[in-house]
Amino acid sequence: MLYDDLDKLLTGRLDRRTFLRRMAVLGVATPATLAFLEACAGGQSTPQGKLGPPEGVTQDYANAHPVIFDVWDFRPDIVRNSVAEFAKEYQENCTLQVLPGDYVTTELNKLIGGSPIDMVYSQSELVKFFKAGYIMSLDDIWGKDEIQKATLPTQWEAQTYEGHLLGLPYFHSAKPMAAVNTILAEKVGLKHKYPKTWPELYQMARDAMKTGALPGPAYLPRWVPTPFEITNMWIGETQNRGGQVFDANFNPVFDAASEAAHVLEDWHSLYVDGIVPQSAVTITTDELIDGMASGRFLFAQEELYDFYRMNDPSRSLIAGHVGFAPFAGTDWGFFNYGLYSVINQKDRSVKDSDRALRLIRFFGYQNKDNQFWVAKQWAMGENLGVGYPAVYQLPEVQAFYKTWQPSADVLGFNYQAESDVISAHAHKLPIWNSPWYADFNAAAIVLLTSAITGSITVSKAIAGLKQQAESLIQTYA
Amino acid sequence: MSGSQNPPLETESRGVFAVVRTRPKSLTDAQFAYRMIVPLLAAMLALYVFPIGYSFWLSLNRINLTIPGWHFVGLKNYATALSDEAVQHAVEVTVEYTLAVTVITLLVSLGAALVLNERFRGRGLVTALIVMPWGLSTYMAAVIWRHMVSQEYGLLNGILYSLKLIHSYIAFISPSSALLVVSIAHSWQLAPLGIYFFLASLSVIPSDLYRIARLDGLGVIGRFRYVTWPYIRTAVLIVMVIVSVEAARAFDVIYFLTQGGPGDATTTLTWQIYQTTFVAFNIGYGAAMSYILVVWIFVVTTAYFMLLYRKRRASQ
Numbered sequence: 000m001l002y003d004d005l006d007k008l009l010t011g012r013l014d015r016r017t018f019l020r021r022m023a024v025l026g027v028a029t030p031a032t033l034a035f036l037e038a039c040a041g042g043q044s045t046p047q048g049k050l051g052p053p054e055g056v057t058q059d060y061a062n063a064h065p066v067i068f069d070v071w072d073f074r075p076d077i078v079r080n081s082v083a084e085f086a087k088e089y090q091e092n093c094t095l096q097v098l099p100g101d102y103v104t105t106e107l108n109k110l111i112g113g114s115p116i117d118m119v120y121s122q123s124e125l126v127k128f129f130k131a132g133y134i135m136s137l138d139d140i141w142g143k144d145e146i147q148k149a150t151l152p153t154q155w156e157a158q159t160y161e162g163h164l165l166g167l168p169y170f171h172s173a174k175p176m177a178a179v180n181t182i183l184a185e186k187v188g189l190k191h192k193y194p195k196t197w198p199e200l201y202q203m204a205r206d207a208m209k210t211g212a213l214p215g216p217a218y219l220p221r222w223v224p225t226p227f228e229i230t231n232m233w234i235g236e237t238q239n240r241g242g243q244v245f246d247a248n249f250n251p252v253f254d255a256a257s258e259a260a261h262v263l264e265d266w267h268s269l270y271v272d273g274i275v276p277q278s279a280v281t282i283t284t285d286e287l288i289d290g291m292a293s294g295r296f297l298f299a300q301e302e303l304y305d306f307y308r309m310n311d312p313s314r315s316l317i318a319g320h321v322g323f324a325p326f327a328g329t330d331w332g333f334f335n336y337g338l339y340s341v342i343n344q345k346d347r348s349v350k351d352s353d354r355a356l357r358l359i360r361f362f363g364y365q366n367k368d369n370q371f372w373v374a375k376q377w378a379m380g381e382n383l384g385v386g387y388p389a390v391y392q393l394p395e396v397q398a399f400y401k402t403w404q405p406s407a408d409v410l411g412f413n414y415q416a417e418s419d420v421i422s423a424h425a426h427k428l429p430i431w432n433s434p435w436y437a438d439f440n441a442a443a444i445v446l447l448t449s450a451i452t453g454s455i456t457v458s459k460a461i462a463g464l465k466q467q468a469e470s471l472i473q474t475y476a
Numbered sequence: 000m001s002g003s004q005n006p007p008l009e010t011e012s013r014g015v016f017a018v019v020r021t022r023p024k025s026l027t028d029a030q031f032a033y034r035m036i037v038p039l040l041a042a043m044l045a046l047y048v049f050p051i052g053y054s055f056w057l058s059l060n061r062i063n064l065t066i067p068g069w070h071f072v073g074l075k076n077y078a079t080a081l082s083d084e085a086v087q088h089a090v091e092v093t094v095e096y097t098l099a100v101t102v103i104t105l106l107v108s109l110g111a112a113l114v115l116n117e118r119f120r121g122r123g124l125v126t127a128l129i130v131m132p133w134g135l136s137t138y139m140a141a142v143i144w145r146h147m148v149s150q151e152y153g154l155l156n157g158i159l160y161s162l163k164l165i166h167s168y169i170a171f172i173s174p175s176s177a178l179l180v181v182s183i184a185h186s187w188q189l190a191p192l193g194i195y196f197f198l199a200s201l202s203v204i205p206s207d208l209y210r211i212a213r214l215d216g217l218g219v220i221g222r223f224r225y226v227t228w229p230y231i232r233t234a235v236l237i238v239m240v241i242v243s244v245e246a247a248r249a250f251d252v253i254y255f256l257t258q259g260g261p262g263d264a265t266t267t268l269t270w271q272i273y274q275t276t277f278v279a280f281n282i283g284y285g286a287a288m289s290y291i292l293v294v295w296i297f298v299v300t301t302a303y304f305m306l307l308y309r310k311r312r313a314s315q
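Residue numbers (numbering that gives the first Met the number 0), protein chains in the order written: chain A, 0 to 476; chain B, 0 to 315.
These aren't lab readings, by the way, just hints derived from the structure by calculation. Careful: at least some of the hints might be erroneous.
[Stated by the list, open to error] The following label-pair restraints were derived from C-beta to C-beta distances: (1) B:D83 with A:V97: 34 to 42 Å; (2) A:S348 with B:D83: 41 to 49 Å; (3) A:K87 with B:S82: 44 to 52 Å; (4) B:V294 with A:D254: 46 to 54 Å; (5) B:D83 with A:Y475: 38 to 46 Å; (6) A:H64 with B:M43: 55 to 63 Å; (7) B:V294 with A:D144: 40 to 48 Å; (8) A:V97 with B:L74: 35 to 43 Å.
In this text, a Cβ means the ideal position worked out from N, Cα and C, and glycines have one as well.
Let's have the full structure, built from the sequences with the hints guiding it.
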């Protein structure tokens, strides 16, 4: 039986998981593994194309055992349409659950409570959840090599950890970008003149305010006090300015004299000097976008995909006039991404696990007709980066870009070309791979915003941040 | 007829109920009251004992959901929490917030109740509309207030600016004023509760007492002190207890208005517990902080009720 099954495995009529389970039952798991490895070493690799879609899934079965997909509350209409398309193509049944509010916290509570979930969104908490056993690796997904070839290298790097594939692309972007209101820029004598670094932007903002031509504060920063924002901005800007917050082993390498502290000192002085509005430390991401779209700010820190909303006439008072500082030697934004990930449900059958893999392939890769169906919805619905360069070359996506991107006359450069350059230079924040980053983030938000407002000194904040990181390293050791 | 006889039936009228006893009355009022609440106590024990006991057990362990294994640490979590500067700050903010919400709610609800107790045209409609803030979810109340106080697009700034009362938009949610703004938002939502409590108490005051007080030469303040206050002071204490407890455990309004910020300006103990337990996943430590909050609320409410019963005994 061992060699019959090994033969089926090597010819793709049996997947690896089922093979090893059968061998475990027979009590020959180790010899089976050795035999498999020997066969592989002899040049016979497991045919990827054949490991595959679940078999024997009827509509009745699907209706009785829906695959469950938990999402956060962003364009649930696009997600619902995609779920409907998935169900239609595969005669499947997918239950969509929209979790409002704090997605990660709610998701964690559901996982602890044993709620059946098959697929989720994941971001910086990905590695932590994987190490805790909640996230299933996609190493067995069929067509993995083909997926990798189609994926942007930075995206692939973001979704793998220690050689394991942990998710497929939902979106990617670069942030923070230095957004520029070209109408106000012209007013203060900065037409087609862009800052090359963050300190230069801050000085330009100060000079612009001195002209008296601006309606209020010049700069709207991305100091949103939530786990996805302000701490990442601090680390990202430190890196952009040539400094380092954490080393390759996640040890804190900053102190009161480092670039990380200089960033915080700059932020504090922007706040007390009125270059930024006082509401900057309690702002939400929606208010950040609407604030820039109101036309009252010269500069803002925005996310690359949000330039669509800021240039949409139905949402923006300055549509067609919001650009960004182009790449000029230093990176502006880090690689921000969201993934689809499959939850590791211990009592889920192999068949249902394969159905979850089929769901993630549909959303995070291609549909039955080998089209990037879902990726195209996001690219054209919300201008999201989607991890697959082929999507941006589609004629309909190209036509969509032309409907809203500011012209070269307004910006002084080609929007799409510069956007591609910015994306190419964006890299994931390595600290997201540490298991304790979520804990650090919770404390960092308070320390950073307190330092900005002056409730505590910058040196005290830096000392607190370092102490927090060192304490967590010990806890997780 | 032989053997023992059943004791004679007795019928006793208690209000609209007729209680038929098969034996002489042997229950005191207190015993009867205790027996009435036994079913409720049984339900509460079933629903609360396990969660309370389990969460206390959690507080005695070091637990992080993403690190395998529990470690029993006894009262170490409590000791750490009581010496943690962040927790001490959160307790201070909680005390300030509770005081602010209680005082503002009392003043607003008492003032509104006194006005609504007078006869005027449209009183019924106004009394009905007063309930609206109470009818909203805390989330909605927080969203409404955020849209009112926002420096970028808030209604208050818009009105003040168009009336030329200000020349630049005010940051209502600043480190120095954020706690007050959140207190006002929360009080706005809680005030209708107090209004209805006070209206009920005010409605039983005989109007003759006010006439006599006027004849005696008492002014507005005198009439309030000698006529109104004796009737409403119990209601005031009850409203204080309810509002204080609501304020001490406030979460939604902070979450949706300020997220505990700016910095830690509105980081109450509840918010700290949320961050520790559900953002940092430090379950054991968060549970310990929860018990500190429970003890604090228990002490405050006990003090209130001791004051209430002492006054009641003094007046009997």
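Exercise. What are the numbers of the hints the structure violates, in ascending order?
Worked result: 3, 4, 5, 6, 7
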